[in-house]
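Q: Chain by chain, the residues run as shown.
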Amino acid sequence: MSTKAIYDWVDERLGLSELAAFVRHKTVPVHSQSFWYYWGGISLFLFLVQCFTGVLLLVYYRPGAEAYESVRQITFVMHFGWLIRSAHAWSASLMIFSILVHMFSVYFMKAYRKPREFGWLSGMALLGIASVFGFSGYLLPMDELSYFATKVGLQIPAAIPWIGPAIANMLRGGPDVSEFTVQRFFALHVVVLPAVFLPLLGFHLWLVQRHGNASPPSVEALPPAQRKSMPFFPNFVRKDLAMWLIALNILALLASVFPWSLGKQFDSLAPAPMGIHPEWYFMSPFEMLKLLGVVLRGEAGEIAGILLFTLGIVLWLLIPFYDKDKESGQRARAAHYFGLLAVFALLSTTIIGYWTIR
Amino acid sequence: MAHLGGGARPENHGGRGIIRREEIAMIEQTNPEVHLEAIAGEPGDKNTRRAFLAAAGVAGLAYTAALAYPIYRYLASPEEMAMEATAVTEVTLKDAQKLPLGSVLMFKFGTSPALLIHHEDGRWISMTAVCTHLGCTVQYEPQADRIHCACHGGVYNPYTGANVSGPPPKPLKLFKVAVNEAGVDVSRA
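Sequences listed follow chains S and D, in order. Heads up: the first sequence begins at 1 in the numbering used here, then just goes up one per residue. Heads up: the second sequence begins at 1 in the numbering used here, then just goes up one per residue.
No lab work stands behind these hints, which were simulated from the structure alone. Heads up, the beta-carbon is just placed ideally off N, CA and C, and yes, glycines get one too. Hints may be right or wrong, so weigh each one.
[What the hints assert, rightly or not] Here are some chain D residues pointing at chain S (derived, C-beta under 10 angstroms): (1) A66; (2) Y72; (3) P78; (4) C151; (5) G153; (6) K170; (7) L174.
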């Protein structure tokens with residue numbers, strides 16, 4: 001049998017040539033903002049790195065009472081265990097960063113407008129799940145930092161009126177962070193979250209293929225003859241892969257030059273270590289709550305903070321339904337300023353957060 | 001840098017395969033979108049292209065190896081630790097000299113299980129407990145005075161380790177035994 005015959009046999013059953021035709025005809029717009037198109041792909045690549053390094057860590061990690069000991073073993077006993085763990089932790093940070101860049105580029109290019117509303121919503125859900133991935137993964141080593149980070153982080157759901165304490169107890173598996181907490185966070189981190197994330201990611205990617213890349217309004221306004229594009233295959237794919245290679249190199253550099261540390265084993269009687277602070281991607285909400293607590297003391301401040309967050313996130317989610325007109329008008333400008341306000345709020349509170357640790 | 005299509009092939013200009021400078025200038029003048037410098041130097045370019053591809057291939061392989069090596073070592077860690085353990089040549093079994101007649105003590109020699117038998121006649125015998133057939137752990141049966149493997153019914157002689165019946169292809173390896181007041185020293189024969 002020739003290769004052609006084998007191809008035809010498979011093609012008849014799987015429709016490979018339709019796929020090939022689709023890939024051949026797919027194009028990507030070329031304009032001054034094209035650089036931002038790579039960030040979704042970079043996020044995807046870093047997610048794949050997370051899956052790969054996560055499975056490697058799973059080979060030796062033991063949740064429950066032995067969690068800390070097993071991470072100590074991975075870090076100090078197994079060959080290159082420190083590197084695998086460091087790559088997993090750094091790649092998590094880089095992934096959140098690139099998702100944020102991707103989100104803001106979509107926002108400012110107004111790529112959420114019709115027909116891409118589901119792309120926007122699914123992307124926001126993916127970001128939400130990614131941050132739960134980050135939060136749950138942070139506890140797994142069970143060192144001092146992860147213990148206190150989880151303790152503090154779970155105060156946020158606990159502040160929800162009436163049902164909050166029950167939710168927090170359910171998440172913790174008891175009134176305090178313990179080996180029960182690490183066991184259920186582990187189940188969440190390696191089974192539940194991937195099971196939700198993967199189909200949603202598939203949906204998100206399918207939508208991107210269905211609608212193609214959105215061009216910013218300034219490019220949309222041009223007559224079709226003046227719009228430039230490049231073939232998806234091989235031109236864009238080649239550049240995409242080059243970006244992946246750059247991301248991998250940056251990751252390798254960070255993971256090996258700045259290996260992720262492992263603190264002392266958690267001790268529920270020990271005081272919180274000096275200078276303790278959340279991961280950078282949780283710094284902004286943490287600082288906003290802190291600032292609100294200065295203005296509104298006690299429980300009122302906590303509840304106001306949660307309400308304000310919820311409101312901000314809901315507005316952010318609903319932006320495609322508010323700013324939907326192709327022509328740039330009042331609403332388009334308002335959405336733009338809302339985006340700038342969000343960037344400013346996130347950056348300033350993050351900076352204040354780091355400034356006040358010292 | 002474009003290769004020419006159709007009638008502008010180098011062979012058509014003098015039929016020598018390689019075109020002269022004046023001809024390049026002439027073609028470029030009549031076809032402004034075409035630059036022939038690359039074609040003029042083609043034989044050399046082929047070599048640089050091949051060298052480039054070879055270098056890229058080697059670099060790619062080196063890159064993959066640099067990624068794969070730590071992962072391989074990481075996954076092979078327990079195996080390496082076991083190798084260190086199998087390098088053990090002697091085990092001291094504390095208080096094993098008190099073992100009653102006609103009884104057995106199971107212990108770990110390196111990473112694999114082993115037997116120490118105190119026979120009714122007072123003889124001390126030690127041997128590996130890993131069946132030579134398919135690696136099950138064997139047991140000493142004092143009543144039948146034999147070593148038996150429950151997996152496939154292999155039987156060994158409890159004094160010499162010789163394979164007596166059943167599927168085992170080879171005898172069990174004996175260890176050297178030295179009994180003293182503090183315990184029993186077992187070492188590779």
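Q: Take the hints in turn and mark each one as holding or not.
A: Status of each hint after checking the structure:
1. A66: A66 of chain D check passes; min Cβ-Cβ to chain S is 9 angstroms, inside 10 angstroms.
2. Y72: Constraint on Y72 of chain D satisfied, holds at 9 angstroms.
3. P78: With a minimum Cβ separation of about 8 angstroms from chain S (threshold 10 angstroms), the hint on P78 of chain D holds.
4. C151: violated (29 angstroms)
5. G153: violated (36 angstroms)
6. K170: With a minimum Cβ separation of about 34 angstroms from chain S (threshold 10 angstroms), the hint on K170 of chain D is violated.
7. L174: Interface hint status for L174 of chain D: violated (34 angstroms vs cutoff 10 angstroms).
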